[in-house]
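Chemist: Take a look at the letters that make up each chain.
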Amino acid sequence: MPTLTLSHLTKRYPTGDLALDDVSLEVPEGQVMALIGPSGAGKSTLIRCVNRLVEPTSGSVLVGDRNVTEMGSGKLRRMRRRMGMIFQEYALVERLTVMENVLSGRLGYVGFWASWFRRFPREDISTAFTLLERVGLAGMEDKRADALSGGQRQRVGIARALIQNPDLLLVDEPTASLDPKTSRQIMRLIAELCTERGLTAVVNIHDVPLARLFAERVVGLQAGGVVYDGPPNGLTPDALTQIYGEEDWNATTGKGDAEGSAPEDGP
Amino acid sequence: MAVSKDDHGPLWRRRTSKGDFAAWLAWLIGAAVVAVCFSLISDKTIWEFVWSAPREAADLGSRMIPPDWSYSTQLWRPLWDTFNIATLGTAIALIISVPVAFCAARNTTPSTSVVRPIALFVIAASRSINSLIWALLLVVIVGPGVFAGVLAIAFRSIGFCGKLLYEAIEEIDVPPVEAVTATGASSGQVLTYGVAPQIMPAFAGISVFRWDINIRESTILGLVGAGGIGLQLSASINNLDWSRVAVILIAILATVIVSEWLSAKIRGALT
Numbered sequence: 001m002p003t004l005t006l007s008h009l010t011k012r013y014p015t016g017d018l019a020l021d022d023v024s025l026e027v028p029e030g031q032v033m034a035l036i037g038p039s040g041a042g043k044s045t046l047i048r049c050v051n052r053l054v055e056p057t058s059g060s061v062l063v064g065d066r067n068v069t070e071m072g073s074g075k076l077r078r079m080r081r082r083m084g085m086i087f088q089e090y091a092l093v094e095r096l097t098v099m100e101n102v103l104s105g106r107l108g109y110v111g112f113w114a115s116w117f118r119r120f121p122r123e124d125i126s127t128a129f130t131l132l133e134r135v136g137l138a139g140m141e142d143k144r145a146d147a148l149s150g151g152q153r154q155r156v157g158i159a160r161a162l163i164q165n166p167d168l169l170l171v172d173e174p175t176a177s178l179d180p181k182t183s184r185q186i187m188r189l190i191a192e193l194c195t196e197r198g199l200t201a202v203v204n205i206h207d208v209p210l211a212r213l214f215a216e217r218v219v220g221l222q223a224g225g226v227v228y229d230g231p232p233n234g235l236t237p238d239a240l241t242q243i244y245g246e247e248d249w250n251a252t253t254g255k256g257d258a259e260g261s262a263p264e265d266g267p
Numbered sequence: 268m269a270v271s272k273d274d275h276g277p278l279w280r281r282r283t284s285k286g287d288f289a290a291w292l293a294w295l296i297g298a299a300v301v302a303v304c305f306s307l308i309s310d311k312t313i314w315e316f317v318w319s320a321p322r323e324a325a326d327l328g329s330r331m332i333p334p335d336w337s338y339s340t341q342l343w344r345p346l347w348d349t350f351n352i353a354t355l356g357t358a359i360a361l362i363i364s365v366p367v368a369f370c371a372a373r374n375t376t377p378s379t380s381v382v383r384p385i386a387l388f389v390i391a392a393s394r395s396i397n398s399l400i401w402a403l404l405l406v407v408i409v410g411p412g413v414f415a416g417v418l419a420i421a422f423r424s425i426g427f428c429g430k431l432l433y434e435a436i437e438e439i440d441v442p443p444v445e446a447v448t449a450t451g452a453s454s455g456q457v458l459t460y461g462v463a464p465q466i467m468p469a470f471a472g473i474s475v476f477r478w479d480i481n482i483r484e485s486t487i488l489g490l491v492g493a494g495g496i497g498l499q500l501s502a503s504i505n506n507l508d509w510s511r512v513a514v515i516l517i518a519i520l521a522t523v524i525v526s527e528w529l530s531a532k533i534r535g536a537l538t
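Those protein sequences? They're chains A and B, same order as listed.
Read in our numbering, the first sequence has 239 at position 239, and its numbers run on one by one without any break.
Add 267 to the 1-based position in the second sequence for our numbering, that's all there is to it.
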């Protein structure tokens, strides 16, 4: 059974814009799928329809065999605990510490007053320390999120998503506000973590070379519809033109692969 | 903006000729309104009283000097009451205004059609009535004294704090709130983790600012019997005891200066 099944998913915003037009997709377990396409193609909307930060207009979203679109608010909350999300501008709570941001990934499992007094279970705290070390932020737990650099903040965002111990990872433009080198490090970290944990992931990404490097499958969205679905090496200039429009693709892509495989200088 | 062309190329002026005319007409009407208003005020003023004002002021001043310094020892208690009215009133107002603000903010209100209008009405009602008028009403309801003063300050401040707070709530960043929601947090947890940390600086600033205003407002509540130093002030004025009035005014001035200094310090420490 695929981990994520979208069928005939459509989203029309109240303004009349059709962001998603009858999208059907299946993401098998353990697959890292990149979602590429121009701005406004509906990538963010698609990812947000999965955990219903955006309500789909019609169609259905199945995670495993459970229909997310039909859930009431209590069931939806429990379902969201199984879906980790990583955001474009990190979306950390800036005035809270790194530790509080990471532990906020466990809020779905902790009662209101326990979370108010920051009384998280022992195992959550030790998982948080393990994760911080894994993402390269050991010893940073007491820093405030707004004291970190962009790359460090996104690492906190990754730890917050992973502490949920999710079945499915939703990643929305994780590198859009990072420099090229940090972008590659962050994408590599996400890809590694997915492999380590056998995570299924949907990754929105602007950067075609990065998508080629780290994804097993690429889906191209154009004006709310799927126009490409295949392996990364099938992204020929023709396919890219179909997704993004006319451009001299040979001259402007391909270099990215060489750059991306440069040795990493650590976090 | 008006662009036209002549032999030398394009010409640019700020307004078209029609726009120029409209601007001059607006100034003319404005000046006429001022002139008419002045003549109306002038007709209803007894100018002899205005001309004698400097003499009257000098007379009053001479009766205030020297201030009755020995009276100042009796002012500590009412000053302390005044301070307490302001502080307790602000505290009560903050406790009530937080839930009101969350109900009034578009992005956190439980219902835009019912709860939000009610919250906005509470804010408007509280703001539209001056604390002196609240005090007048409350002295009748709960009787004269400090308690009426505390409630008057609180009722007036709910609207002020609620309004500033709900505006701060409406201006928060959305992504952190989405992120906390996406973890499966309950709505209460979304408020305490996603929203509250973002409005803390505004909340602290508003509290200190309103406390500072309330110190000044609570000095006059005694005029209607709601406790504090205003009680002594109104008694001394009624007895035409101007040397005591002078001491009270100096005491109020000193209190206000101290409170402004304190709130500036606190605000400086917060940022």
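Treat the hints with care, as some may be off.
[What the hints assert, rightly or not] Facing chain B, a subset of chain A residues (Cβ under 10 Å, in silico):
#, residue
1, Arg48
2, Phe87
3, Leu96
4, Met99
5, Arg119
6, Arg122
7, Ile125
8, Thr127
[Unchecked claim] Per the computed footprint, the stretches of chain A lying under chain B, defined by three or more beta-carbons under 8 Å from a beta-carbon of chain B, are:
#, region
9, 5-13
10, 100-107
Simulated from the structure, these hints should not be mistaken for lab results.
Cβ atoms here follow ideal geometry from the backbone N, Cα and C, with glycine treated the same way.
Chemist: Please go over all the hints and tell whether each is borne out by the structure.
Modeler: Outcome of the hint check:
1. Arg48: Constraint on Arg48 (chain A) satisfied, holds at 8 Å.
2. Phe87: With a minimum Cβ separation of about 6 Å from chain B (threshold 10 Å), the hint on Phe87 (chain A) holds.
3. Leu96: Status holds, d = 5 Å.
4. Met99: 13 Å, violated
5. Arg119: With a minimum Cβ separation of about 13 Å from chain B (threshold 10 Å), the hint on Arg119 (chain A) is violated.
6. Arg122: Result: violated, 19 Å to nearest chain B Cβ.
7. Ile125: 16 Å, violated
8. Thr127: Given a least distance of 14 Å, the restraint on Thr127 (chain A) is violated.
9. 5-13: violated (count 0)
10. 100-107: holds (count 5)
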